[in-house]
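First to last, the protein sequences are chains A, R and S. Quick note: the first sequence, position 136, residue 142 per our numbering, numbers continuous. Quick note: the second sequence, position 84, residue 86 per our numbering, numbers continuous. Quick note: the third sequence, position 1, residue 7 per our numbering, numbers continuous.
Honestly, the hints are just simulated from the structure, not real lab data. This structure is a prediction, so every number in the text was calculated from the model and none was measured. We put the beta carbon where it would ideally sit given N, CA and C, even for glycine. One should not assume that every hint holds.
As the list claims (entries may be wrong) - Here are the in silico distance ranges between beta carbons for each label pair: (1) R/Y172 - S/A187: 30 to 40 Å; (2) A/L294 - S/S73: 55 to 65 Å; (3) A/A145 - R/R62: 48 to 58 Å; (4) A/L257 - R/A148: 53 to 63 Å; (5) R/A100 - A/L294: 44 to 54 Å; (6) A/L294 - S/G142: 50 to 60 Å; (7) S/S64 - A/S123: 51 to 61 Å.
What the hints assert, rightly or not - Derived coverage of chain R by chain A (criterion: at least 3 residues anywhere in the stretch with Cβ under 8 Å from a Cβ of chain A; other residues may be distant): (8) 141 to 147; (9) 154 to 160; (10) 209 to 223.
Stated by the list, open to error - Far from chain S, some chain A residues (derived; all Cβ distances over 10 Å): (11) F140; (12) L153; (13) P168; (14) V181; (15) N189; (16) V220; (17) A290; (18) A296.
As a plain string of letters, each chain reads:
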Amino acid sequence: MLAALPWVLHTPYWRGILVVCAMNVMLALSLNLVLGYTGQLNLGQSAFFGIGAYVSTILVKTYHWNFWLAALAAMGAAGLLGLALAAFAVRLRGHYLAIASLGFAVITYQVLLNWESVTEGVRGIYGILPPRGFGSTVALFYLVAGLAFLVYLVLGNLVRSPVGETLRSIREDEVSAASIGINPARWKAFAFGVGAMIGGLAGCFYPGFVGTLVPDAFNIVESFTMMAMVIVGGMGTMIGPVIGTIVLTFLPELLRGFGELRLMIYGLALTLVVLFMPGGIVQAWNALRARLA
Amino acid sequence: MPDLLALVLQQSINGVYLGCLYVMVALGLTLIYGVLNQINFAHADFVTAGAFTAFFVATRLATKLLGLPDTAGYLLSIVLAFGAGALLGLLINAAVFAPLRERGDELRPLIATIGVSVLLENGQLELFGPIPYQFDSPFTRETIRAGRIFFTQQTLLVIGVTVAAIALLYAFLRLTYTGKALRAVAQDRETAGLMGINPGLLIGLTIVISSALAGMAGALLGPVLVLTPFAGASVIVKAFAIVIIGGFGNLEGTIIAGLLVGIIEAFTVQYLGSGLIDLVVFALLLVMLALRPTGLIAERKEENV
Amino acid sequence: MSALLRARELRKSFGGVRAVQGVSLEVPQGAIFAVIGPNGAGKSTLLNLLSGVYQPDSGALDFDGRSLAKLPAHRRVRLGIARTFQKIRLFKQLSVLENVLAGFHIHHDTPFWKYVVLGATGRFHDEARELLEFVGLGARAAERAGALSYGQQRMLEIARSLATRPRLFMLDEPAAGLNAAEVDFLLERLERIGARGTTLIVVEHNMDLVMNVAQRVFVMDYGEPLFEGTPREVQSNSRVVSAYLGGEFA
Chain A
7 MLAALPWVLH TPYWRGILVV CAMNVMLALS LNLVLGYTGQ LNLGQSAFFG
57 IGAYVSTILV KTYHWNFWLA ALAAMGAAGL LGLALAAFAV RLRGHYLAIA
107 SLGFAVITYQ VLLNWESVTE GVRGIYGILP PRGFGSTVAL FYLVAGLAFL
157 VYLVLGNLVR SPVGETLRSI REDEVSAASI GINPARWKAF AFGVGAMIGG
207 LAGCFYPGFV GTLVPDAFNI VESFTMMAMV IVGGMGTMIG PVIGTIVLTF
257 LPELLRGFGE LRLMIYGLAL TLVVLFMPGG IVQAWNALRA RLA
Chain R
3 MPDLLALVLQ QSINGVYLGC LYVMVALGLT LIYGVLNQIN FAHADFVTAG
53 AFTAFFVATR LATKLLGLPD TAGYLLSIVL AFGAGALLGL LINAAVFAPL
103 RERGDELRPL IATIGVSVLL ENGQLELFGP IPYQFDSPFT RETIRAGRIF
153 FTQQTLLVIG VTVAAIALLY AFLRLTYTGK ALRAVAQDRE TAGLMGINPG
203 LLIGLTIVIS SALAGMAGAL LGPVLVLTPF AGASVIVKAF AIVIIGGFGN
253 LEGTIIAGLL VGIIEAFTVQ YLGSGLIDLV VFALLLVMLA LRPTGLIAER
303 KEENV
Chain S
7 MSALLRAREL RKSFGGVRAV QGVSLEVPQG AIFAVIGPNG AGKSTLLNLL
57 SGVYQPDSGA LDFDGRSLAK LPAHRRVRLG IARTFQKIRL FKQLSVLENV
107 LAGFHIHHDT PFWKYVVLGA TGRFHDEARE LLEFVGLGAR AAERAGALSY
157 GQQRMLEIAR SLATRPRLFM LDEPAAGLNA AEVDFLLERL ERIGARGTTL
207 IVVEHNMDLV MNVAQRVFVM DYGEPLFEGT PREVQSNSRV VSAYLGGEFA
């Protein structure tokens, strides 16, 4: 069914939206691992998205690396950055971590903006091509969606395994998790690292899709948007972020007739969900099924 | 007077001016944290809303509709921005914060404030569009000279308003019954409740005061900011840094930290761009969080196991 | 009996509060050892020092001949030290069974790529269910932990700690908040655990409770050691009684 989508929505515009949606799914899943399963309030995910985009692009354009090798390197770079943020997560909780991660994202953004010799800053990098063989939007969609699906499977296995139990234990109560032998620092590093790598992977495809690369695409607003997708869909579940992403990506497009109000969907959805249905759409769905049963 | 001294004094004045602006923004944040143990991510957007209110009051309402002179118009805009902030705070508190209060969860209210922030930003984007507005204060027109130091009436106005605001806030908290009740709620909500104080009401009051301060800060900041619906974001970054450095909920610390950040910025802005200032401030912040999460001046508390 | 746990001159202060001052004790292997004292005596702090939640300001701590200095809490679990908390700290959003399964964390040895690629699952379901039966929660395995009654939550916490297969099991005021029937059940279970060879340290505020179960009792007051002996000796010691009652008792 997924494969048929680009043919149902066959205008270039909608196909573009599909690609964006697939990328967002990957991002939402990566954030969900850290936020939903490990309970760490991470507002810095946009930084990893940006690092992935810039590292892969620069390696390909300036140093003529093969795209796939560059993508791996970008994932590695993002992962390392993720570990750096994890170091803060070890010592901080709740809103302190939220602000630290926000600061992290801001610093990354400023570095991307100001290190002009490497990143071209505001001027941007132009003429970026998608990976060889995936030039058309349709092909790119299959690639990104395929990868997103792979990520979904892998992460799903991970969270259903004892590793998932460990992460959720940390989320529920870090002190008693330590009392049963869980090393919070190590597992937070794991979660942040994996989350960062996947975020970086998503970033590799962004510049090729858009064609140009400017730091503004990795503003901290992106972190909030990602968070909205995870929470509205249902954080701490696997399907939740996917649903949340799809809803929040397509709904504004479908509401185009209503003018600029469609942008308020993000804020409205997030606020309403947090107020009335903290488990997101997944919770609402389960409640509905229980009622009808 | 010697060049270096003049330079230092000049930048100090600029620093204090900037510092006062930051303090005005940070005061509300730290107040909410002190009473509620919560961070309001939407605070920046209250500031922006205040700035926009002030803009429209000063440029349209006061001058065109009421025929007041520029200066009076600006002063009026400050007052009305204060009111607008209060109103907005009241609304948001009733709709979003109060209902979440009982749950005792730390994560949800925080995310709710993020939701409100996004909502306000996009709402203002809808109302005002993305193109920056030019908000000039009539008090910046004339430069005053004292020896080799230059400043404007705006500088004096901002510093004056800040000092007055701080003084009034202190007076309120220390001298009035409501203020003392508020401090009681900040220290121990349950016990305060048992003593006949209505915590919900006082928390609501705190939010209103905090938003009002934010609105007023917006009016003062208008001339300095690039006024778009996302203007708050550039300031909130520093406001958080200030509140953390000074210690969450710690008024004195916040004031000192705000002035410090303002002065540092004034001295270094010549050598680094404002973007890099953000970077330096935040790097400093991260270092602080790594070493002393509770701030420079706050006390340490062991987690109760 | 050789000493499994040996503490010498442990001290811990918080700001100006001297929570634990110069506490030395030896816990013999296989014993049921009680630590009692009035409220504020420093018992919980002592337990936190033993389990690694706090590091002592000074003093030595050995477990089975091995120094525990600087070893963080999660590493001590691997040595065989487990504990429960005075304020129940369960994973409330997880199910009863999942809570116990989490306790098997240190026993997993499957490399994690196998989980990811092959979708392998954990191996301890059966043992987890046995533990649930042991604490009387066998029928409630699928329920959310937060939905249990206080007494049941307490037993679940014990089951979860037992999953780590400890040699030394420390409980912080396990009977607090339990009704009489639940206390009887708890004490009987503790006796069984002790009978299997696990060394137990029970911190309790209520003197009578531990008298039936403990073999040796250590009494604290104001952070300092007050007395140590058999339950009988402790009960008849006038200093202990006056510490609890605040007066002379003939």
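**Message:** Can you confirm whether chain A covers the segment 154 to 160 of chain R, using C-beta to C-beta distances below 8 Å and requiring at least three such residues?
**Reply:** violated (count 0)
**Least C-beta distance between A/A296 and chain S, which was stated to exceed 10 Å** = 14 Å, holds
**Outcome for the supplied range 48 to 58 Å, where the beta carbon pair is A/A145 and R/R62** = 53 Å, holds
**Request:** Measuring Cβ to Cβ, find out whether A/L153 lies farther than 10 Å from everything in chain S.
**Result:** 15 Å, holds
**Message:** Please verify the coverage claim for the segment 209 to 223 of chain R: does it have three or more residues whose C-beta sits within 8 Å of some C-beta in chain A?
**Reply:** violated (count 0)
**Range hint 53 to 63 Å (beta carbons of A/L257 and R/A148) holds or violated** = 58 Å, holds
**Request:** Starting from the hint 44 to 54 Å, judge whether the C-beta atoms of R/A100 and A/L294 obey it.
**Result:** About 28 Å separates the Cβ atoms of R/A100 and A/L294, which means 44 to 54 Å is violated.
**Message:** Closer than 8 Å Cβ to Cβ for three or more residues is the test here. Does the segment 141 to 147 of chain R pass it with chain A?
**Reply:** With 0 residues in contact (Cβ-Cβ under 8 Å with chain A), the coverage given for the segment 141 to 147 of chain R is violated.
**Item:** Interface exclusion of A/V220 relative to chain S, criterion Cβ beyond 10 Å
**Value:** Nearest chain S Cβ is 35 Å from A/V220, so the label holds.
**Request:** Compute the least Cβ-Cβ separation between A/F140 and chain S, then decide whether it is above 10 Å.
**Result:** Fine: 25 Å to the nearest Cβ keeps A/F140 off the interface.
**Request:** Just double-check A/P168 for me: nearest Cβ-Cβ distance to chain S has to come out over 10 Å.
**Result:** Since the minimum Cβ distance to chain S is about 5 Å, A/P168 lies within 10 Å and the statement is violated.
**Item:** Check on A/A290 being off the interface with chain S, judged by Cβ distance over 10 Å
**Value:** 18 Å, holds
The structure shown violates the earlier hints numbered 1, 5, 6, 8, 9, 10, 13, 14 and 15.
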